[in-house]
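Student: Sequences and hints are given; from them, build the entire structure.
Going down the list, the protein sequences come from chains A and B. Taking the working numbering, the leading residue of the first sequence gets 133, the next gets one more, and so forth. Taking the working numbering, the leading residue of the second sequence gets 133, the next gets one more, and so forth.
Here are the simulated BS3-like pairs of lysine-lysine, each with C-alpha atoms no more than 27 Å apart in a straight line: (1) B:Lys372 / A:Lys482; (2) B:Lys448 / A:Lys372; (3) A:Lys482 / A:Lys454; (4) A:Lys466 / A:Lys295; (5) B:Lys454 / A:Lys454; (6) B:Lys367 / A:Lys454; (7) B:Lys372 / A:Lys454; (8) B:Lys482 / A:Lys372; (9) A:Lys367 / B:Lys372; (10) A:Lys367 / B:Lys367; (11) A:Lys367 / B:Lys448; (12) B:Lys448 / A:Lys448; (13) B:Lys372 / A:Lys448; (14) A:Lys448 / B:Lys295; (15) A:Lys466 / A:Lys397; (16) A:Lys184 / A:Lys153; (17) B:Lys367 / B:Lys471.
Everything labelled a hint here was simulated from the structure, so no lab data went into it.
There are 2 protein chains.
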Amino acid sequence: MSQATDAFVWENQERFLDELKQFLKIPSISTLPEHRPDIDRAAEFCAASLRKAGLENVEIIPTGRHPLVYADWLHAPGKPTVLCYGHYDVQPPDPLEEWKTPPFEPSVRDGNLYARGSADDKGQMLMHIKAVETLFAVNGTLPVNVKFLIEGEEEVGGASIAKYVSANKDKLKADVGLVSDTALYAEGIPTLCIGLRGLVYFEVTAVGAGRDLHSGLYGGCAPNPVFGLIELLAKAKNEKGVIQVPGIYEDVEPPAAAELESWKKLPFNEIDFLEREVGACRLTGETDFSVLERIWARPTLEVHGIAGGFTGTGAKTVIPAKATAKVSFRLVPKQDPEKVIASFREWVRKNTPDGLQTDVTVLSASPAVVVNPDHPAIRTAAGAFSDILQQETVFIRSGGSIPIVGDFATHLGIPTVLMGFGLPDDGLHSPNEKFKIQNYYNGIMTVAHFLEQYGA
Amino acid sequence: MSQATDAFVWENQERFLDELKQFLKIPSISTLPEHRPDIDRAAEFCAASLRKAGLENVEIIPTGRHPLVYADWLHAPGKPTVLCYGHYDVQPPDPLEEWKTPPFEPSVRDGNLYARGSADDKGQMLMHIKAVETLFAVNGTLPVNVKFLIEGEEEVGGASIAKYVSANKDKLKADVGLVSDTALYAEGIPTLCIGLRGLVYFEVTAVGAGRDLHSGLYGGCAPNPVFGLIELLAKAKNEKGVIQVPGIYEDVEPPAAAELESWKKLPFNEIDFLEREVGACRLTGETDFSVLERIWARPTLEVHGIAGGFTGTGAKTVIPAKATAKVSFRLVPKQDPEKVIASFREWVRKNTPDGLQTDVTVLSASPAVVVNPDHPAIRTAAGAFSDILQQETVFIRSGGSIPIVGDFATHLGIPTVLMGFGLPDDGLHSPNEKFKIQNYYNGIMTVAHFLEQYGA
Numbered sequence: 133m134s135q136a137t138d139a140f141v142w143e144n145q146e147r148f149l150d151e152l153k154q155f156l157k158i159p160s161i162s163t164l165p166e167h168r169p170d171i172d173r174a175a176e177f178c179a180a181s182l183r184k185a186g187l188e189n190v191e192i193i194p195t196g197r198h199p200l201v202y203a204d205w206l207h208a209p210g211k212p213t214v215l216c217y218g219h220y221d222v223q224p225p226d227p228l229e230e231w232k233t234p235p236f237e238p239s240v241r242d243g244n245l246y247a248r249g250s251a252d253d254k255g256q257m258l259m260h261i262k263a264v265e266t267l268f269a270v271n272g273t274l275p276v277n278v279k280f281l282i283e284g285e286e287e288v289g290g291a292s293i294a295k296y297v298s299a300n301k302d303k304l305k306a307d308v309g310l311v312s313d314t315a316l317y318a319e320g321i322p323t324l325c326i327g328l329r330g331l332v333y334f335e336v337t338a339v340g341a342g343r344d345l346h347s348g349l350y351g352g353c354a355p356n357p358v359f360g361l362i363e364l365l366a367k368a369k370n371e372k373g374v375i376q377v378p379g380i381y382e383d384v385e386p387p388a389a390a391e392l393e394s395w396k397k398l399p400f401n402e403i404d405f406l407e408r409e410v411g412a413c414r415l416t417g418e419t420d421f422s423v424l425e426r427i428w429a430r431p432t433l434e435v436h437g438i439a440g441g442f443t444g445t446g447a448k449t450v451i452p453a454k455a456t457a458k459v460s461f462r463l464v465p466k467q468d469p470e471k472v473i474a475s476f477r478e479w480v481r482k483n484t485p486d487g488l489q490t491d492v493t494v495l496s497a498s499p500a501v502v503v504n505p506d507h508p509a510i511r512t513a514a515g516a517f518s519d520i521l522q523q524e525t526v527f528i529r530s531g532g533s534i535p536i537v538g539d540f541a542t543h544l545g546i547p548t549v550l551m552g553f554g555l556p557d558d559g560l561h562s563p564n565e566k567f568k569i570q571n572y573y574n575g576i577m578t579v580a581h582f583l584e585q586y587g588a
Numbered sequence: 133m134s135q136a137t138d139a140f141v142w143e144n145q146e147r148f149l150d151e152l153k154q155f156l157k158i159p160s161i162s163t164l165p166e167h168r169p170d171i172d173r174a175a176e177f178c179a180a181s182l183r184k185a186g187l188e189n190v191e192i193i194p195t196g197r198h199p200l201v202y203a204d205w206l207h208a209p210g211k212p213t214v215l216c217y218g219h220y221d222v223q224p225p226d227p228l229e230e231w232k233t234p235p236f237e238p239s240v241r242d243g244n245l246y247a248r249g250s251a252d253d254k255g256q257m258l259m260h261i262k263a264v265e266t267l268f269a270v271n272g273t274l275p276v277n278v279k280f281l282i283e284g285e286e287e288v289g290g291a292s293i294a295k296y297v298s299a300n301k302d303k304l305k306a307d308v309g310l311v312s313d314t315a316l317y318a319e320g321i322p323t324l325c326i327g328l329r330g331l332v333y334f335e336v337t338a339v340g341a342g343r344d345l346h347s348g349l350y351g352g353c354a355p356n357p358v359f360g361l362i363e364l365l366a367k368a369k370n371e372k373g374v375i376q377v378p379g380i381y382e383d384v385e386p387p388a389a390a391e392l393e394s395w396k397k398l399p400f401n402e403i404d405f406l407e408r409e410v411g412a413c414r415l416t417g418e419t420d421f422s423v424l425e426r427i428w429a430r431p432t433l434e435v436h437g438i439a440g441g442f443t444g445t446g447a448k449t450v451i452p453a454k455a456t457a458k459v460s461f462r463l464v465p466k467q468d469p470e471k472v473i474a475s476f477r478e479w480v481r482k483n484t485p486d487g488l489q490t491d492v493t494v495l496s497a498s499p500a501v502v503v504n505p506d507h508p509a510i511r512t513a514a515g516a517f518s519d520i521l522q523q524e525t526v527f528i529r530s531g532g533s534i535p536i537v538g539d540f541a542t543h544l545g546i547p548t549v550l551m552g553f554g555l556p557d558d559g560l561h562s563p564n565e566k567f568k569i570q571n572y573y574n575g576i577m578t579v580a581h582f583l584e585q586y587g588a
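Tutor: As structure tokens, then:
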């Protein structure tokens, strides 16, 4: 069976690549209103591809912003249902002058396909559709039930899909989610991501005087909300990077010993990581933990900026009436976002400097997600991955957040297979984004194998 | 003599007011390039007024940006020379919708003239010219030598005049400067400002990683320059507002006992000041010092904002490669800006958090200025002021900086009489800026009396 699907992919390589190129030519930049017609064209491209693959009930679903695309095929009674997710929107291509070839004119160089969206996420999403098309072509049927839900707002917060998932639990009912929007740990290493950190993002506002004051005329006696936020937030972490907000570490669940052991086997080199990826003079943070633990399994607190006074070019001597800091926490398994929110609010209240009034607004909150590597879908996916790349599959986590995975867990009660075929240097969100063409074909084959074996 | 000049001012009230209105109709906004023709018209208005008053050698001096206007009259041998300064440029009028009458259509209500620039500084600058015109008209001559230097960049940093003063010391040689760009301490109280704080304005840049990083993927091990600046700057002051940078207080010269005594007699009410002017829940700072000492005679450190990461609307999870804080110190007499710069640089170097590289840039540096109240020009000005307002003149300081006063002191070696006729609620830089019309006439009479008595 599998050899037949592999053969079909090999025979259709050129066509599959051409179709991806057509998709990549649509500049479906979700954040720019002038690209709204391109958003619609990209949604229609998805719908047409789904229909062509053999899926049914294809619909373009209007939302408050950019449309969702849904399709399904539910004729495998007694077999599990896989909910495939992807997004057809892309980041803006700026700075344009740094692209070697135009971002929306896909170009092949050294076995890579260069274009905005090639890896994130058009190429990876199309893999799912082409895998289904392959299975239909070879077998005339599918080994499992499938549902597709594709969005056009991933790069702008994904509000519509979150709402849709929570409101359509029955329609979207499935046994497992499948998302290809991540990368291999390194070239050639089959990789499943089984943990994502959560995120709570705050705005902390401090108010001092009733109006902006001149720092000459009032400096020395008027409360300065910018400095007040600095005083406050400096207390939030100690010099070793340990968060000082009470209770933050209370519920933190450390990774199992076996998982920690497996991380040690990854080809991770701290000096390479520092020099090639981070580019700072040294790494920082909780030195009692390994670097991978710090970024995958420890909560963090970051401040992203303090505005309200003056942050433009040159000098302005203002003591602003109000200042705002952007503060985020990354969360790890078992941390409850609501508890973190309450702790932080209380801590801000207690530590607000004299003369100021502070207010904490929550801009987003999502818990960490972990998937049990012994879940049948994960075990099957690991096997299919190893088949194609001829190496043992590694299980990693990511320090980032993929909100849809949390939505699937919360609203549908299902785990998600995070099976990504990108590479760490694909340049997502950057100029010269690329997708290795062989990984596109490998992805189609791996997804087809996974669906076959999961249905078996 | 004085009675004759007073009478001339009374007789010419209407004309003097009309001329000010013509001047105020020119929207000479120095920061907006589209108003460059208005800048030129305003400079020409000054030149014409100076010629009409009887001054000689009137010239419009081109600079790298907006022109200066110069004039003199030097036919009083053996008498002192007074260098009159003012500026013809104004702040932008935004927000326009808050003006009761349009900013460049001068409008009289309740004895006030409402227009952008009425008090800051067109009205006050024109007082000098009208005083000279009055003296010429009444006496056919002037009691002292006078020079006028008027600029069009006061609201945008005043770079051209600073350069011009340092390059034209002989041409501008004088015994005393005269600036009317301040306010009475309160309605009806003749006020001379005899001290200004200095200012050193820094940009502190911290660099961490080689590029902007995703706070999910790297948070926990990558240095965050925004948080690093917060950690650093929080150490710059203790909770009582005392600056912790070594040596900052070393050279601070406290005001003389007599000056401190005189401040106690000012009609200053701390509760009024807090509620009406500052509008915060409480005043802050060094509680061992009175409020007036804190704002007039103590050094301060303020942070105006931290940029580089994200300070826009909503949430962005970035650990920026680089962040910049705007930091300023106000300086008091005897503090050497160069010494403060060196101390701050050294302190930043020593306290830079691990993983970051910091750099300190100086955007501006000017020392504090104090004038001896026993200087003959100050004593004479105080007398002339008391004559007109029929009250004892008070001597105050200002916590702000007027760079031209420092330039006159540094390059010409002269003190400056800061004789302002505005009121604290004139709304400089705000909508509905006004100038009390009676104070315009009082100003013309006071300046005329001052010049007469100073020449006597």
